[in-house]
Amino acid sequence: MFSSSSVQFAGFAVGVFPALASYAAQELHAKSVGVIVPDIGVGIHAYKYYIQPVFSHFGVKDIREVLSNSQNPDYSSSVAAAAQGGPNVLLYVGNSSGCAPVMQARVQLGIQATLIVPGGCADPRLLKAAGADANGVYLNSDYYPVGSGNSDVVTFEAAMKKYGPPNVPMDEFTQEGFGSIINIQRAFSKIGVGHLTTASILREFRTGGDHPNFMTHPYTCNGHLVPGAPAICNAAQRILIIKNGKPTEVGGWYDGTPYIKP
Amino acid sequence: VSTIVFLLLGLGSGSAFALLGLGLILEYRSSGVVNFAHGAIAMYITYVYVELRDNGELVFPVLGFNHINLSAAGLGFIASAGISLVYAAVLGLLIYLLVFRPLRHWPALARIAASVGLMLALQAIAVLNFGTATFSVDPILPVSSLQIGSLRVPLDQVYLAGIAVAISGLLAVVYRRTRFGIATTAAAEDEVAASLAGLSPSRIAALNWVIASVLAGAAGILIAPITTLSPATYTLFIVPVLGAALLGRFRSFTVTTAVGLALGMLASVLLELQAAHTWLPSNGTQEGLPFLLILFVMYVGGRALPERGAIIDRRLPSVGSPARILRSCVVSLAVGAAAVLLLPGGYRAGLISSLVAACVCMSFVVLTGYLGQVSLAQLTFAGIGGFTLGHLSVSLGIGFPFAPILAGLLTVPAGLLVGLPALRVRGVNLAVVTLAAAAAVDALLFNGGWFSGGFSGQQVPSPHIGGLNLGIAAATDTGYPRAAFGLVALVVLVLLGVLVARLRGSPAGRQFLAVRSNERAAASIGINVAGAKLLAFGMSAFIAGVGGALIGYQQRVLTGDSFDVFTSLSFLAMAYIGGIGRISGAVAAGMLLAPGGLAVTIGDHFFALSNYQLLIGGVGLIFMVIRHPNGLVPGGLTWAGLEQRFRPSAAAPAAPAPPRVMTAEPTRTAPHRAEDSQ
Numbered sequence: 619m620f621s622s623s624s625v626q627f628a629g630f631a632v633g634v635f636p637a638l639a640s641y642a643a644q645e646l647h648a649k650s651v652g653v654i655v656p657d658i659g660v661g662i663h664a665y666k667y668y669i670q671p672v673f674s675h676f677g678v679k680d681i682r683e684v685l686s687n688s689q690n691p692d693y694s695s696s697v698a699a700a701a702q703g704g705p706n707v708l709l710y711v712g713n714s715s716g717c718a719p720v721m722q723a724r725v726q727l728g729i730q731a732t733l734i735v736p737g738g739c740a741d742p743r744l745l746k747a748a749g750a751d752a753n754g755v756y757l758n759s760d761y762y763p764v765g766s767g768n769s770d771v772v773t774f775e776a777a778m779k780k781y782g783p784p785n786v787p788m789d790e791f792t793q794e795g796f797g798s799i800i801n802i803q804r805a806f807s808k809i810g811v812g813h814l815t816t817a818s819i820l821r822e823f824r825t826g827g828d829h830p831n832f833m834t835h836p837y838t839c840n841g842h843l844v845p846g847a848p849a850i851c852n853a854a855q856r857i858l859i860i861k862n863g864k865p866t867e868v869g870g871w872y873d874g875t876p877y878i879k880p
Numbered sequence: 004v005s006t007i008v009f010l011l012l013g014l015g016s017g018s019a020f021a022l023l024g025l026g027l028i029l030e031y032r033s034s035g036v037v038n039f040a041h042g043a044i045a046m047y048i049t050y051v052y053v054e055l056r057d058n059g060e061l062v063f064p065v066l067g068f069n070h071i072n073l074s075a076a077g078l079g080f081i082a083s084a085g086i087s088l089v090y091a092a093v094l095g096l097l098i099y100l101l102v103f104r105p106l107r108h109w110p111a112l113a114r115i116a117a118s119v120g121l122m123l124a125l126q127a128i129a130v131l132n133f134g135t136a137t138f139s140v141d142p143i144l145p146v147s148s149l150q151i152g153s154l155r156v157p158l159d160q161v162y163l164a165g166i167a168v169a170i171s172g173l174l175a176v177v178y179r180r181t182r183f184g185i186a187t188t189a190a191a192e193d194e195v196a197a198s199l200a201g202l203s204p205s206r207i208a209a210l211n212w213v214i215a216s217v218l219a220g221a222a223g224i225l226i227a228p229i230t231t232l233s234p235a236t237y238t239l240f241i242v243p244v245l246g247a248a249l250l251g252r253f254r255s256f257t258v259t260t261a262v263g264l265a266l267g268m269l270a271s272v273l274l275e276l277q278a279a280h281t282w283l284p285s286n287g288t289q290e291g292l293p294f295l296l297i298l299f300v301m302y303v304g305g306r307a308l309p310e311r312g313a314i315i316d317r318r319l320p321s322v323g324s325p326a327r328i329l330r331s332c333v334v335s336l337a338v339g340a341a342a343v344l345l346l347p348g349g350y351r352a353g354l355i356s357s358l359v360a361a362c363v364c365m366s367f368v369v370l371t372g373y374l375g376q377v378s379l380a381q382l383t384f385a386g387i388g389g390f391t392l393g394h395l396s397v398s399l400g401i402g403f404p405f406a407p408i409l410a411g412l413l414t415v416p417a418g419l420l421v422g423l424p425a426l427r428v429r430g431v432n433l434a435v436v437t438l439a440a441a442a443a444v445d446a447l448l449f450n451g452g453w454f455s456g457g458f459s460g461q462q463v464p465s466p467h468i469g470g471l472n473l474g475i476a477a478a479t480d481t482g483y484p485r486a487a488f489g490l491v492a493l494v495v496l497v498l499l500g501v502l503v504a505r506l507r508g509s510p511a512g513r514q515f516l517a518v519r520s521n522e523r524a525a526a527s528i529g530i531n532v533a534g535a536k537l538l539a540f541g542m543s544a545f546i547a548g549v550g551g552a553l554i555g556y557q558q559r560v561l562t563g564d565s566f567d568v569f570t571s572l573s574f575l576a577m578a579y580i581g582g583i584g585r586i587s588g589a590v591a592a593g594m595l596l597a598p599g600g601l602a603v604t605i606g607d608h609f610f611a612l613s614n615y616q617l618l619i620g621g622v623g624l625i626f627m628v629i630r631h632p633n634g635l636v637p638g639g640l641t642w643a644g645l646e647q648r649f650r651p652s653a654a655a656p657a658a659p660a661p662p663r664v665m666t667a668e669p670t671r672t673a674p675h676r677a678e679d680s681q
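Residue numbers (this note's numbering), protein chains in the order written: chain V, 619 to 880; chain E, 4 to 681.
Rather than coming from a laboratory, the hints here were simulated on the basis of the structure. Backbone N, C-alpha and C define an ideal beta-carbon position, used for all residues, glycine too. Treat the hints with care, as some may be off.
Just a few of them, taken from the derived set where beta-carbon distance is under 10 Å, the chain V residues facing chain E [claimed, not checked]:
#	residue
1	Val660
2	Tyr667
3	Arg821
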């Protein structure tokens, strides 16, 4: 995402957290926020550059950052520390290993704040482990979710059913791989066989804007969409909520990257 | 009130540390093994339990015959846990009989290497059988909570702590009051005396390994609902667990349990304080806590830490005696350059990875091979070198070749700092210190933002001399990787080899061997043991730092992931398999075993072996430790060896026999105490 000679059709880490912070501030009316951040450079950086500025932009000043440690088996202390002061929103910024424990700890500790987690937590195994504690939790998706009925997604589902190897998880990462190939194929078709060079391919992606982006928001590869991440061509996210153990779309695209720090 | 809540919330993590620490003590007391694989055993047994409970499948660590279905609907808790613990008992017995019993008379390094091999193998088997996805486990203990102020405290954590305390008390009674416990203590104190008294140290050790593995399995199953299960998570707990066991002097169950619980509670309160007071340092402090504890124990009570009274009748791996250095350099450069220039892209990339890894492995030759000191922090030194190179190049504009040399030199203070505890401790205790130091640096520096470049990592510009780009890639060059960088890596490796070879033949090198052979004897003939140790730590840090700089040039953007503490363990494994006492061993390790290296690339291309690399590495390490402790290159790659092998008629040059006192070839000697041989 930091390379000027690459293109990336979905925002992932760069898109997720600004969008979630933006949604929390605009739609969940976050006034006080607790953020659980993994105690690693990526997490700290994500908080500093992709979360705090977005909340600040929307006037949320009461933000409590809590660093969670990978050598610590239990997340309840981290969740309790983030909930000190009674925030109305808790944001978990971490990998999937913390999803279910954070959801469970919030309920076990009796915390009322709305919990927001990254889209990786939508893995059915994690939701099953979290059980009823997952209900009411918000999360994102870089793509129209599987089962959403979107025409691109229906094509993807059919193709995977017919040609995909067994046991491939139908998640965002599989969607990213499939969608990227479709986008690349479209670009190659336009360029034409015999004219494919590094320069011509990059030119095709970078010319114009709002190109169709398979299963997700249209992309614009102008190198300036996300400050400091020139490869990102789209950072918009769908927002979902867990209902009865299953992710359900809230609707609309959210992009918080206009508010992040350069 | 709030602090009480956080103390109670820390019981979950603390119980995990305590429960795992108890098993670690048993393994050490019975066989002198600081088992780095203890967390991995807990992890594996927990997977077995989860598969039984969810799918009714009994999973075996044998690829190709890996499961039996006992019930399509899954088994209940009692059946699943019962079968899993029996499984753990069998696994523990097999591990002892097949891995650690053959090593019972070997020095600490061999057992550490074997435990690292076991850890890698168990992780690899878990990945192959269960994937890398994270599992969450259904609750076992009653899910209820206690309201304190505005927060509720989950009571399952309190129950878990109660279980840890109860098991600790039970073990304390058993090992103090019963004949078996007293026999274990006797065997730990003095195996010879125990044998003379009619006890069987091997049988006692086997039984203790069974108990330790059952404890590991029980700990894994109990803590699974409060944490998550993946091949990596449980293994990470080993650092705080080692801290607890070390403070319990690898002897006291009650102290270990108390320290484990205290560590968890302290970390929890620290979280509360950091969240409330933003001026408090936060980044890495929780992970750094066990290291500070370990360091404190080592400095305050290092000499008083117990060493087991084991019989040691084998020595460290053999040490090479480099000869005809110039000829070796010329041939290495010629063959290496030809390979770099002739190999196609993918294989050239593999060769470059091998050359770079061999540089890091070279640092083990000095420290572990020549001096006999076990360090699990070499890749951490490489990381310091790599990130420092980035800062020197980007911020200060220092270019090649000064920047990598300076990066290596700036890594030396870190080596000296980590080496300081070596003045007071050795063997397994030193391994623990270096592991903790690596974990602390990982937490405080590599993942801390400014030093490691934060989210986007630390940029490392390509090396240039004059207008010549020596980088691995260039904007105007479509070929990747570029041969120019391969030649740079080759030259650096050869220069480091010359440095190590010169060191081996120097007075300092001979002092290293004397210290390795017997510290007390070395001191008695006037060798400055402390100075020799610090010199070796400094030199090995320099070599690793230069290796890290090469990694920087190779990867162009460095992140902390490249140098994490468990990758460091893999590098020790590689160096040991290659031949940790020899320069050619380091080269062999790089060529044959480096991740993404030449042999791995070839193996993957022809046999699709990449998925099995970790497993092959782990099992290979155990096999090599037991069967070929001198490594893949025990001496065959010396000129004399090659001449003897291929030109039997060639008369060996007359050379004076090396002074026997300085050689360290493996010989069967009369039994002597462990601390004198390391």
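(request) Against the structure, test the hints numbered earlier, and report the numbers of the ones violated in rising order. (result) 3
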